[in-house]
Amino acid sequence: MSAWRSTGRVHWGWFFTAAAVLLLLPLVVDTHGPTVLLIWALFALSLGLMWGYAGLLSFGHSAYFGLGAYAYAIAAVNVGESTLPLLLAVLVPALLAAVLGAMMFYGRISDVYMSVITLVVTLILFKFMSATAGDAYRIGDARLGGFNGIPGFPTLNLPGSPEISLFGTPTYYVCAVALLACYLLCRWVLARSFGRVLVGIRENEERCALMGYDVAAYKTAIFTLSAAMAGLAGCLFANWAEIVTPSVFSLRQAAEVIIWVIVGGLGTLVGPVIGAIVLGMVKLLLGEQTTFDNALILGLLLIVVVLAIPRGVVPALQRAWRWQRQRSRHAAANPRRRLGGAAEMRR
Amino acid sequence: MTGVVETRDLMLRFGGVVAVNNVSFTLGERELRCLIGPNGAGKSSFFKCLTGQHLPGRVSGRVLIRGQDVADLRAHRIVRLGVGIKTQVPSLMNGLTVEENIWLAARRTHGFAGGAAATQELIAELELGPIARQTAGELAHGWRQMVEIGVVLVQRPWLILLDEPAAGMTGDEVERLVGLIRRINQTAAVIVVDHDMAFVRMLSSMVTVFHQGAILVEGAANRVLDDARVREVYLGNRTT
Amino acid sequence: MDYAGVVFLEIVYMIAFLALTSAGLAIVFGMMRVINLAHGEFVMLGGYITIASARAGIDIYLAMLVLAPLAVGIWGLLVERLIIRFLYGRMIDVMLATWGLSLLMVGAVSMIFGTTAVSVPAPIPGYSLGSFQMGGYNLFIIAVALLLMAAMWVVLRFTRAGLIARGAMQGPEVVAALGYNPGTVYMLTFTIGAALSGLAGGVLAPLTGLLPSSGGAYIAKAFITVITGGAAVISGTLSSAALFGFVNQLVSFESGPVIGEIAMFALAVVLLRLMPQGITGRFFRGGT
Numbered sequence: 001m002s003a004w005r006s007t008g009r010v011h012w013g014w015f016f017t018a019a020a021v022l023l024l025l026p027l028v029v030d031t032h033g034p035t036v037l038l039i040w041a042l043f044a045l046s047l048g049l050m051w052g053y054a055g056l057l058s059f060g061h062s063a064y065f066g067l068g069a070y071a072y073a074i075a076a077v078n079v080g081e082s083t084l085p086l087l088l089a090v091l092v093p094a095l096l097a098a099v100l101g102a103m104m105f106y107g108r109i110s111d112v113y114m115s116v117i118t119l120v121v122t123l124i125l126f127k128f129m130s131a132t133a134g135d136a137y138r139i140g141d142a143r144l145g146g147f148n149g150i151p152g153f154p155t156l157n158l159p160g161s162p163e164i165s166l167f168g169t170p171t172y173y174v175c176a177v178a179l180l181a182c183y184l185l186c187r188w189v190l191a192r193s194f195g196r197v198l199v200g201i202r203e204n205e206e207r208c209a210l211m212g213y214d215v216a217a218y219k220t221a222i223f224t225l226s227a228a229m230a231g232l233a234g235c236l237f238a239n240w241a242e243i244v245t246p247s248v249f250s251l252r253q254a255a256e257v258i259i260w261v262i263v264g265g266l267g268t269l270v271g272p273v274i275g276a277i278v279l280g281m282v283k284l285l286l287g288e289q290t291t292f293d294n295a296l297i298l299g300l301l302l303i304v305v306v307l308a309i310p311r312g313v314v315p316a317l318q319r320a321w322r323w324q325r326q327r328s329r330h331a332a333a334n335p336r337r338r339l340g341g342a343a344e345m346r347r
Numbered sequence: 001m002t003g004v005v006e007t008r009d010l011m012l013r014f015g016g017v018v019a020v021n022n023v024s025f026t027l028g029e030r031e032l033r034c035l036i037g038p039n040g041a042g043k044s045s046f047f048k049c050l051t052g053q054h055l056p057g058r059v060s061g062r063v064l065i066r067g068q069d070v071a072d073l074r075a076h077r078i079v080r081l082g083v084g085i086k087t088q089v090p091s092l093m094n095g096l097t098v099e100e101n102i103w104l105a106a107r108r109t110h111g112f113a114g115g116a117a118a119t120q121e122l123i124a125e126l127e128l129g130p131i132a133r134q135t136a137g138e139l140a141h142g143w144r145q146m147v148e149i150g151v152v153l154v155q156r157p158w159l160i161l162l163d164e165p166a167a168g169m170t171g172d173e174v175e176r177l178v179g180l181i182r183r184i185n186q187t188a189a190v191i192v193v194d195h196d197m198a199f200v201r202m203l204s205s206m207v208t209v210f211h212q213g214a215i216l217v218e219g220a221a222n223r224v225l226d227d228a229r230v231r232e233v234y235l236g237n238r239t240t
Numbered sequence: 001m002d003y004a005g006v007v008f009l010e011i012v013y014m015i016a017f018l019a020l021t022s023a024g025l026a027i028v029f030g031m032m033r034v035i036n037l038a039h040g041e042f043v044m045l046g047g048y049i050t051i052a053s054a055r056a057g058i059d060i061y062l063a064m065l066v067l068a069p070l071a072v073g074i075w076g077l078l079v080e081r082l083i084i085r086f087l088y089g090r091m092i093d094v095m096l097a098t099w100g101l102s103l104l105m106v107g108a109v110s111m112i113f114g115t116t117a118v119s120v121p122a123p124i125p126g127y128s129l130g131s132f133q134m135g136g137y138n139l140f141i142i143a144v145a146l147l148l149m150a151a152m153w154v155v156l157r158f159t160r161a162g163l164i165a166r167g168a169m170q171g172p173e174v175v176a177a178l179g180y181n182p183g184t185v186y187m188l189t190f191t192i193g194a195a196l197s198g199l200a201g202g203v204l205a206p207l208t209g210l211l212p213s214s215g216g217a218y219i220a221k222a223f224i225t226v227i228t229g230g231a232a233v234i235s236g237t238l239s240s241a242a243l244f245g246f247v248n249q250l251v252s253f254e255s256g257p258v259i260g261e262i263a264m265f266a267l268a269v270v271l272l273r274l275m276p277q278g279i280t281g282r283f284f285r286g287g288t
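Residue numbers (this note's numbering), protein chains in the order written: chain A, 1 to 347; chain B, 1 to 240; chain C, 1 to 288.
Some clues are possibly wrong.
Sample of chain A residues at the chain B side, in silico, Cβ under 10 Å [claimed, not checked]:
no., residue
1, Arg187
2, Ser193
3, Met211
Computed list of chain C residues with no C-beta within reach of chain A, every gap over 12 Å [unchecked claim]:
no., residue
4, Phe8
5, Asp93
6, Thr115
7, Met134
8, Leu163
9, Val247
10, Met264
FYI, nobody ran anything at the bench for these hints, they're computed from the structure.
Positions of the beta carbon are idealized from the N, C-alpha and C atoms, including for glycine.
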């Protein structure tokens with residue numbers, strides 16, 4: 001079974017079912033919890049795109065999430081209306097990623113060092129933002145607030161009409177639409193030649209270069225797209241939390257998104273989304289109890305997944321289901337026929 | 001006169017080791033040349049100077065491909081000039097099928113739709129039909145070599161660099177390969193690096209012998225392979 | 001003049017601090033190509049054990065120099081047998097698993113010791129350098145770091161174990177060729193690396209209040225020190241510790257500790273981009 005099979009196709013039946021569920025959910029439950037789950041899902045999707053399909057692991061993806069959040073907050077305080085801040089929340093992380101990516105990929109560094117550098121970048125941002133207490137640190141009217149962050153900025157409003165706030169359930173719908181739209185965008189990108197080349201790069205970077213493709217350019221491009229999506233998630237997070245603190249850059253946040261992707265399933269788009277939603281729910285529920293520390297459970301989960309199901313739950317289930325179907329189909333026809341090998345995904 | 005490939009006083013160093021020692025080499029249009037020499041003679045290092053696969057900053061001297069200096073160009077830029085490169089170890093996308101591997105190469109030079117047509121054409125030409133739908137990772141070594149050559153050819157390069165194309169092939173496959181190389185030589189210059197003497201004799205082209213990073217002797221295959229110095233250099237290696 | 005003395009001592013102290021906290025990680029990375037992201041928590045654990053022992057009445061020097069390394073070493077042994085052993089060669093997976101381990105350890109320590117800071121007083125009093133008041137304990141730390149580096153160098157150069165270790169740096173086949181089981185060598189290496197981390201944690205315990213999250217402070221700096229240093233264990237760690245310690249302190253004196261740290265990290269990003277194999281990969285091939 002070719003590795004390209006997982007790229008292009010949208011199962012429209014599932015998609016519309018999911019969309020319907022998302023859109024009808026507010027009729028049944030309070031939207032506060034589900035909103036953040038959708039935001040985390042978008043964040044996970046952004047990493048899953050880059051990691052699963054191009055083979056690029058950004059250890060500090062929280063940097064772009066955080067930059068999106070801070071860019072929104074700072075711009076919102078200064079501008080008052082939310083359209084430009086939203087745009088900036090997407091563009092600022094994308095710009096950082098483009099610059100950082102070009103620096104890394106055109107320098108031919110290895111995967112491990114890429115992971116290290118991206119980790120250090122989010123660390124730098126975390127330390128910097130944590131230290132910006134006091135009036136001296138401000139961008140325009142926005143005080144950066146150091147460890148306490150930036151509270152009380154204007155939240156999303158209808159574009160062009162600052163008096164019509166989208167706070168509450170409308171924000172939930174914004175998040176749902178954003179997630180669905182970004183999912184389709186990812187599918188579209190992957191179905192294009194661009195996506196095919198990306199998978200080629202993941203499979204064998206050298207051979208791709210020898211085919212004449214500028215590998216560094218492709219990597220930088222997907223990194224930028226991924227960062228833009230993470231920034232969007234960060235902006236929505238700022239609107240949900242109504243406050244932006246340096247914890248958005250923290251190692252904890254960076255670790256969490258990696259855990260969601262890897263548990264949900266590396267190499268699929270739906271895996272990270274499901275991973276984020278399920279683990280996010282677990283986190284919200286766990287947060288309320290004090291018997292077991294959150295970090296302990298999260299850590300244990302990561303260890304177990306890495307040791308036992310290295311590619312995550314969704315692909316394992318998919319493989320099991322596919323294998324089961326093929327087995328029953330071919331068993332009668334030709335008992336001695338060798339089944340095709342599954343795609344090897346390089347991490 | 002600018003040949004298709006020309007190097008002038010080319011040197012490649014790794015730390016204290018001089019892998020390519022002052023090599024001046026020319027290759028004419030549509031010429032077929034074999035580079036031979038025992039292990040460590042520098043032919044693969046020389047090859048890497050032509051393909052942009054060496055580490056930057058280690059090369060001194062000039063490497064010209066159709067007059068253009070490529071010493072500091074990265075591999076993909078060199079390929080875009082119209083050069084096809086097949087590496088020593090067969091290098092394919094293991095998770096993709098043969099057809100998909102070839103399409104990916106064809107896509108760059110022929111566009112989306114044109115790529116599909118060129119792919120089918122090449123599969124027919126190289127008789128890869130039976131394995132077209134298999135993933136590259138499952139193929140036997142000889143088939144992998146063939147597919148990789150296919151990946152190179154589909155882009156219609158005018159200079160083709162093959163590093164040990166016959167390795168791991170059966171006698172029949174080698175014969176087909178020789179025929180194939182002669183055919184592509186009608187439209188492209190070809191450099192073949194190998195140390196299988198029988199294969200080189202079958203190609204019966206001009207041969208350049210490397211020894212300790214420099215060119216020992218150049219000439220027609222039969223004459224060179226019977227040269228006493230060449231035999232001496234190969235002492236202990238398999239010759240025919 | 002006194003000020004110059006203070007600056008000098010601060011720089012030396014920073015270098016010693018980096019070298020000490022990186023030693024365990026450097027051994028494990030240099031010999032096994034394992035990046036242990038829980039290294040900071042190993043250090044933190046050493047600190048907690050020292051403080052808990054000191055509070056229970058055990059002599060503090062015994063606690064920090066013997067008990068802490070021993071306990072953390074045993075913990076490291078367990079970790080190697082249960083987790084690391086299955087992931088050799090899979091660098092990214094090791095990073096992920098040890099990241100999980102770090103979270104687990106932070107959680108466990110929070111549950112056992114609580115989340116308020118614990119501390120123990122420094123056993124060595126301060127002294128005066130001209131008009132400045134200096135911490136005397138810092139000198140002890142510098143001394144320990146020097147002794148440790150010297151001990152490591154002696155062991156690697158002049159003992160059989162050191163020979164095997166240097167062979168391990170080249171690869172498991174060399175170890176096997178020497179007649180030893182690579183798996184056992186790696187197990188011992190990881191254990192020793194953990195013990196050294198515990199030692200660092202123990203020695204640093206009297207400095208500030210210790211929290212379960214303190215590991216985070218150690219890992220970041222140790223990490224970049226080791227990676228930038230490159231594969232050679234001693235010269236790598238020392239050269240990058242020297243470089244970073246110097247830059248960190250210099251910038252700190254100008255613009256405060258936070259900017260100093262940030263400068264250090266930014267420098268790391270630049271260095272890694274320029275020398276992906278680390279300082280020793282570029283300049284000192286094949287050294288220890």
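Comparing the hints with the structure gives:
1. Arg187: 18 Å, violated
2. Ser193: Check passed: Cβ of Ser193 of chain A comes within 6 Å of chain B, closer than 10 Å.
3. Met211: At about 5 Å, which falls below the 10 Å cut-off, the nearest Cβ of chain B leaves the hint on Met211 of chain A intact, so it holds.
4. Phe8: About 26 Å separates Phe8 of chain C from the closest Cβ of chain A, which puts it past 12 Å; holds.
5. Asp93: Its Cβ does come within 12 Å of chain A, the nearest being 5 Å, so this is violated.
6. Thr115: 9 Å, violated
7. Met134: 25 Å, holds
8. Leu163: 28 Å, holds
9. Val247: Non-interface label on Val247 of chain C holds, nearest chain A Cβ at 14 Å vs cutoff 12 Å.
10. Met264: Violated, since 9 Å does not exceed 12 Å.
In this structure, the earlier hints numbered 1, 5, 6, 10 are contradicted, and the remaining ones agree with it.
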